[in-house]
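There are 8 protein chains.
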Amino acid sequence: MSNPIIGVIMGSDSDLPIMQQAIDILKEFELPFELDIVSAHRTPEKMMEYAKNAHLRGIKVIIAGAGGAAHLPGMVASISPLPVIGVPVKSRNSIDGWDSILSILQMPGGVPVATVALDGAKNAGLLAVQIIGSSEIEIRNKVIAYKEKMKATVMEKGNKLN
Amino acid sequence: MSNPIIGVIMGSDSDLPIMQQAIDILKEFELPFELDIVSAHRTPEKMMEYAKNAHLRGIKVIIAGAGGAAHLPGMVASISPLPVIGVPVKSRNSIDGWDSILSILQMPGGVPVATVALDGAKNAGLLAVQIIGSSEIEIRNKVIAYKEKMKATVMEKGNKLN
Amino acid sequence: MSNPIIGVIMGSDSDLPIMQQAIDILKEFELPFELDIVSAHRTPEKMMEYAKNAHLRGIKVIIAGAGGAAHLPGMVASISPLPVIGVPVKSRNSIDGWDSILSILQMPGGVPVATVALDGAKNAGLLAVQIIGSSEIEIRNKVIAYKEKMKATVMEKGNKLN
Amino acid sequence: MSNPIIGVIMGSDSDLPIMQQAIDILKEFELPFELDIVSAHRTPEKMMEYAKNAHLRGIKVIIAGAGGAAHLPGMVASISPLPVIGVPVKSRNSIDGWDSILSILQMPGGVPVATVALDGAKNAGLLAVQIIGSSEIEIRNKVIAYKEKMKATVMEKGNKLN
Amino acid sequence: MSNPIIGVIMGSDSDLPIMQQAIDILKEFELPFELDIVSAHRTPEKMMEYAKNAHLRGIKVIIAGAGGAAHLPGMVASISPLPVIGVPVKSRNSIDGWDSILSILQMPGGVPVATVALDGAKNAGLLAVQIIGSSEIEIRNKVIAYKEKMKATVMEKGNKLN
Amino acid sequence: MSNPIIGVIMGSDSDLPIMQQAIDILKEFELPFELDIVSAHRTPEKMMEYAKNAHLRGIKVIIAGAGGAAHLPGMVASISPLPVIGVPVKSRNSIDGWDSILSILQMPGGVPVATVALDGAKNAGLLAVQIIGSSEIEIRNKVIAYKEKMKATVMEKGNKLN
Amino acid sequence: MSNPIIGVIMGSDSDLPIMQQAIDILKEFELPFELDIVSAHRTPEKMMEYAKNAHLRGIKVIIAGAGGAAHLPGMVASISPLPVIGVPVKSRNSIDGWDSILSILQMPGGVPVATVALDGAKNAGLLAVQIIGSSEIEIRNKVIAYKEKMKATVMEKGNKLN
Amino acid sequence: MSNPIIGVIMGSDSDLPIMQQAIDILKEFELPFELDIVSAHRTPEKMMEYAKNAHLRGIKVIIAGAGGAAHLPGMVASISPLPVIGVPVKSRNSIDGWDSILSILQMPGGVPVATVALDGAKNAGLLAVQIIGSSEIEIRNKVIAYKEKMKATVMEKGNKLN
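Residue numbers (my numbering), protein chains in the order written: chain A, 1 to 162; chain B, 1 to 162; chain C, 1 to 162; chain D, 1 to 162; chain E, 1 to 162; chain F, 1 to 162; chain G, 1 to 162; chain H, 1 to 162.
Simulated from the structure, these hints should not be mistaken for laboratory data. It is possible that part of the hints are untrue.
Heads up, simulated SDA-like pairs for lysine to any residue below, C-alpha to C-alpha not over 25 Å straight-line [said to hold, decoys possible]:
no.: 1; chain 1: F; residue 1: K151; chain 2: D; residue 2: D36
no.: 2; chain 1: E; residue 1: K90; chain 2: D; residue 2: G97
no.: 3; chain 1: A; residue 1: K27; chain 2: G; residue 2: N93
no.: 4; chain 1: A; residue 1: K151; chain 2: C; residue 2: K151
no.: 5; chain 1: E; residue 1: K46; chain 2: F; residue 2: M150
no.: 6; chain 1: G; residue 1: K157; chain 2: A; residue 2: L16
no.: 7; chain 1: A; residue 1: K46; chain 2: A; residue 2: D96
no.: 8; chain 1: F; residue 1: K90; chain 2: F; residue 2: E156
no.: 9; chain 1: C; residue 1: K149; chain 2: D; residue 2: E49
no.: 10; chain 1: G; residue 1: K52; chain 2: G; residue 2: N3
no.: 11; chain 1: E; residue 1: K157; chain 2: G; residue 2: Q20
no.: 12; chain 1: B; residue 1: K52; chain 2: B; residue 2: D13
no.: 13; chain 1: A; residue 1: K52; chain 2: H; residue 2: K149
no.: 14; chain 1: F; residue 1: K90; chain 2: G; residue 2: N93
no.: 15; chain 1: C; residue 1: K151; chain 2: D; residue 2: E49
no.: 16; chain 1: C; residue 1: K90; chain 2: E; residue 2: K90
no.: 17; chain 1: H; residue 1: K157; chain 2: H; residue 2: E28
no.: 18; chain 1: H; residue 1: K142; chain 2: G; residue 2: M48
no.: 19; chain 1: C; residue 1: K157; chain 2: E; residue 2: E45
no.: 20; chain 1: H; residue 1: K151; chain 2: F; residue 2: N93
no.: 21; chain 1: H; residue 1: K90; chain 2: B; residue 2: D13
no.: 22; chain 1: C; residue 1: K151; chain 2: E; residue 2: D36
no.: 23; chain 1: D; residue 1: K52; chain 2: F; residue 2: E156
no.: 24; chain 1: H; residue 1: K149; chain 2: H; residue 2: L161
no.: 25; chain 1: F; residue 1: K52; chain 2: H; residue 2: N159
no.: 26; chain 1: G; residue 1: K160; chain 2: A; residue 2: M48
Could you build the full structure based on these sequences and the hints that come with them?
Encoded structure:
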């Protein structure tokens, strides 16, 4: 893949089934991305390196998914100047997802993480697309088309129900 | 203010003391913004118009704050192709902020809202800056400088404590 | 069906199995109703139209079901002058239903939603019947008969247990 | 007051400051109402009598407020054929309001309570007005006017902020 | 069964599998009991009668189980002078049991309900036995023996593990 | 005080303002009681002794109040054959009372604690009275009179409101 | 096993599948341990004895697992001068684990319990190893090696994903 | 201070009033300690350095306090081989402390944090003392004396109450 502009990372390979939703969206919108496992707790140095260098090699948005005491999105956001999207994953040991959500969402002033819904990796992908689309009119138009398509699908379902 | 690129809206003027944190950040980073009260529940048509038109007049990111059953960020995100940052406000009638958080964060697939911490309008401002900085190197460098300054402040406090 | 007086809408066709409980009650009480999928987030214009026009074509009560960050009942209530009954649906991505409940229940002053229990579409149907019965004595008498029947069923079960 | 059509009851006189919001709305809309303290736990017989007779003397909607293990709305709804609106009050001993909300909202199938937000007595009043307006066009028009006035107030505040 | 001294009631026959644990304990301790379905919401008059008369026919303790917005234990306690033990049942529609617990536990001052753990009908039975044993030495001695037996079972398991 | 039959204990003297409510009730009903500070965590041997001996010196019911990780009621119940009433105290370090409630309420099968509402020491006192009244007709009649008095007070307040 | 230095206890044999994770870690690090069932509620005297004597026979760290109203870790900590690690077990009757967590974590000042994640017995084992390693350099080096191995595993998975 | 063996760090100087409790305990037990502000989010490199080097300069236990999305204890634990004690601080922006607790407690397998109660820095200090005492008999004896003193204080208060 040539010149990825979105970085998709996750704390564990067990997060992949959820994070795949983000990947699918990025493929659908044809945004080049890179994919890696970066554990804040098991590979802290790799995490530091990743966060320090991502923007230097052309990454524009980082999507980070993690569960439980989920420190990956916030730690990456503490180092990188890029917008970081956090995906709280309802992992096997999570307490109904509350730990994942709160440890990603409740970042202190100065270090934002753009948090999406529990297991909401699809929306993380779309948010990354919208951020790119914020400055690239072609991508934004694809977002508009995507919304139109969603609308058409729901309209059709409504018609069928009637 | 010439050509605002960030739209800051809130559901009620009672949200202003919190949302002021976002405004202060945008001023500090010298990003032009516009400010308005747009209530999803009391001015739904204005909300629709706002969301439909924001990108057409040059807005690149929308910051929306609301409390309780907080529908403003999600409804604006349902219409606008722009990235929408949601600020859950712990309003007077909110149940410790849980209602504000969940009704902003838990958006369905297809309609992301970039949610920040409860009352985290400062981080909403910074996230908007980072999104702009994602494609504008000058703004990104300001983010890097901002992080350096935060670090220096903490280092100094640590030294004093020692 | 001639001249529906109850409007039953839901945010997604995945809410239908729950919302069917309301439909069954309306059929049992022989109140004419209409049924549609109206997504606040995917078909916001349709939602606006629905809410603006429902009372003009004879609808007297609206039942709206949605899950997660459930904005449909509140948004319809923001526009329509009719009583709106909200059904929090424990959808697949909901956090044990808390997001559905809080984003429907915690409406700000001025825009009420009559909220029923999680997945409580049966009670939404009955509440609509009671609202109609509030001004139509024949329907109210059916409610009284319904209560008598419930009582008899429980009495019989108690007797069997003894 | 001649021929009340709305019954406003509360479990304790300590609920009056909150329930006053409902009273103010009913006065504003000029709907005749009656007011009483009816405790499910301290005056169960009075509660039974109230619920059995309200519709017989012309009451069309009951608004019931209570806090903690709040049984009043649900018990009245178990007896009366009228629509019952429940107001969860965050009383002094309530656990942040969660007990009040859940013991009013989570009614079993067959016995609905139209629950409004925590301390949301204003919305209880408005919901009662909307229920009356569901069959009386004059009242419904007052609701439409009320919504217009809310909108105008917010529009004006938005203009001032600009 | 001759002269029951414990009354075991439940809001629905679906609570029976849980409430059976209490029955088993009462049988084990050979305390005569009666069993009935008494729904606060579907048979309010029966509930009132039950609560008014239980002590008159020799009942000394009432065990009441219910789920969701569980009003049965509290309502019975509002009328009867007997100690009432409440069993929060995690019924099908309960929100993880929180509604059942809070609507039984959080009774207002003046009307206590002796609440046991979620689905803790076994302990409700034991508590009833202890209350009887509070004034009957023979029963109390059975409680002491019961505790010794529990201890022996755990000791044996510990030994096996070693 | 001659021959106490109720034991009132608490984990810390900071619990006294809450536990005083129970004491007031016991005085009102003229039931002799004893009062002590017994900390499960700071005086475990005293707690063991207390629990082992209470019934031997004539105590018939134990009321135990504690906050935070509140082990006192459950530990006393593990040793004593008497009915133990637990009062969850919302102590200074408690998390809104949830820790106090859950660590008292959720006892395992075999070791019941009769739990009352958060800070509900008044009801703990009344429950103790009811337990004594379960076998002593004179006390039970006092409970009936107490309920009549509560009713009269509420009736009077209702009349004043009218 | 010669001279155990870690004591692993649990409230019930049903906790064994979870507590086995701690045992596996202790075996992997070759730290001698002892294993027993010690129920605070069913064998309080055994629990007292265990806590009083553990350090006298060479135990240096105690790991205690329990669920629901989990008093074992805190009660052992109230008696023993050793560091006590508490494992909140999500037992069958636990309310999603919240009761287990809060009744272990929220210990009053003066009596600490080192609490790990829900069902986190593996980490309890590792924490015991780290505590031993705090004064024994050989064990600490094993911890460092363990961390290196974890890192290598994640790095490899990351490489495979790429 | 000569040769500190305990490291006390906190994410912000606003945590100092809480963390002072730990300092007071360490002074009381005369364990040499060092004190610093180390923010995971604002000074990530300093945090990495601290965690890498602490054990090399003689630190045996690390106490780390933080609030909100509290990543400091977990991140330090991911790097250091030492036992890390985490203090969840109920900071100004924390949601009643739940975020602080869950983001410290719910660490993934392999990286334990010994979590104490919300704002429980006193217990963090005592746990550090106990860990040192685990291998140093003199310190352990001080712990035993400390417990005796606590007991005496409570006994005295109990006597006064009698």
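Now for the hints, and whether the structure bears them out:
Annotation: proposed proximity of K151 of chain F to D36 of chain D holds, straight-line Cα distance about 14 Å (limit 25 Å). Note on K90 of chain E and G97 of chain D: the hinted pairing holds, with a Cα-Cα distance of about 21 Å set against a maximum of 25 Å. With a C-alpha separation of about 45 Å, the suggested pair K27 of chain A and N93 of chain G falls outside the 25 Å cut-off, and the hint is violated. Our distance criterion of 25 Å between C-alpha atoms is broken by K151 of chain A and K151 of chain C, whose separation comes to about 46 Å.
For the suggested pair K46 of chain E and M150 of chain F, the alpha carbons sit about 23 Å apart, so the restraint of at most 25 Å is met. For the hint linking K157 of chain G to L16 of chain A, the alpha-carbon distance of about 11 Å falls within 25 Å, and the restraint holds. Proximity of K46 of chain A to D96 of chain A is assessed by CA-CA distance (about 29 Å); at most 25 Å being required, the pair is judged violated. For the hint pairing K90 of chain F with E156 of chain F, the CA-to-CA distance comes to about 32 Å; that exceeds 25 Å, so the pair is violated.
About 21 Å separates the Cα atoms of K149 of chain C and E49 of chain D, which keeps this hinted pair within 25 Å; it holds. A distance of roughly 18 Å separates the Cα atoms of K52 of chain G and N3 of chain G; the hinted pair therefore holds under the 25 Å criterion. Distance check on the hinted pair: K157 of chain E and Q20 of chain G sit about 16 Å apart at the alpha-carbon level, within 25 Å; holds. Of the supplied pair hints, the one linking K52 of chain B and D13 of chain B holds, its CA atoms being roughly 22 Å apart against a limit of 25 Å.
Our distance criterion of 25 Å between C-alpha atoms is broken by K52 of chain A and K149 of chain H, whose separation comes to about 52 Å. Among the hinted pairs, K90 of chain F with N93 of chain G is consistent with the structure: their alpha-carbon atoms are about 24 Å apart, no more than 25 Å. A distance of roughly 18 Å separates the Cα atoms of K151 of chain C and E49 of chain D; the hinted pair therefore holds under the 25 Å criterion. About 16 Å separates the Cα atoms of K90 of chain C and K90 of chain E, which keeps this hinted pair within 25 Å; it holds.
Annotation: proposed proximity of K157 of chain H to E28 of chain H holds, straight-line Cα distance about 23 Å (limit 25 Å). For the suggested pair K142 of chain H and M48 of chain G, the alpha carbons sit about 21 Å apart, so the restraint of at most 25 Å is met. Proximity of K157 of chain C to E45 of chain E is assessed by CA-CA distance (about 16 Å); at most 25 Å being required, the pair is judged to hold. This hinted pair checks out: K151 of chain H and N93 of chain F have alpha carbons roughly 20 Å apart, not beyond 25 Å.
At most 25 Å may separate the alpha-carbon atoms for a hinted pair to count; K90 of chain H and D13 of chain B exceed this at roughly 28 Å. The suggested pairing of K151 of chain C with D36 of chain E holds, with an alpha-carbon distance near 14 Å, which does not exceed 25 Å. With a C-alpha separation of about 21 Å, the suggested pair K52 of chain D and E156 of chain F falls inside the 25 Å cut-off, and the hint holds. Annotation: proposed proximity of K149 of chain H to L161 of chain H holds, straight-line Cα distance about 19 Å (limit 25 Å).
Distance check on the hinted pair: K52 of chain F and N159 of chain H sit about 19 Å apart at the alpha-carbon level, within 25 Å; holds. Restraint check for K160 of chain G and M48 of chain A: the C-alpha separation of about 20 Å stays at or below 25 Å, so the hint holds.
The earlier numbered hints that this structure contradicts are 3, 4, 7, 8, 13, 21.
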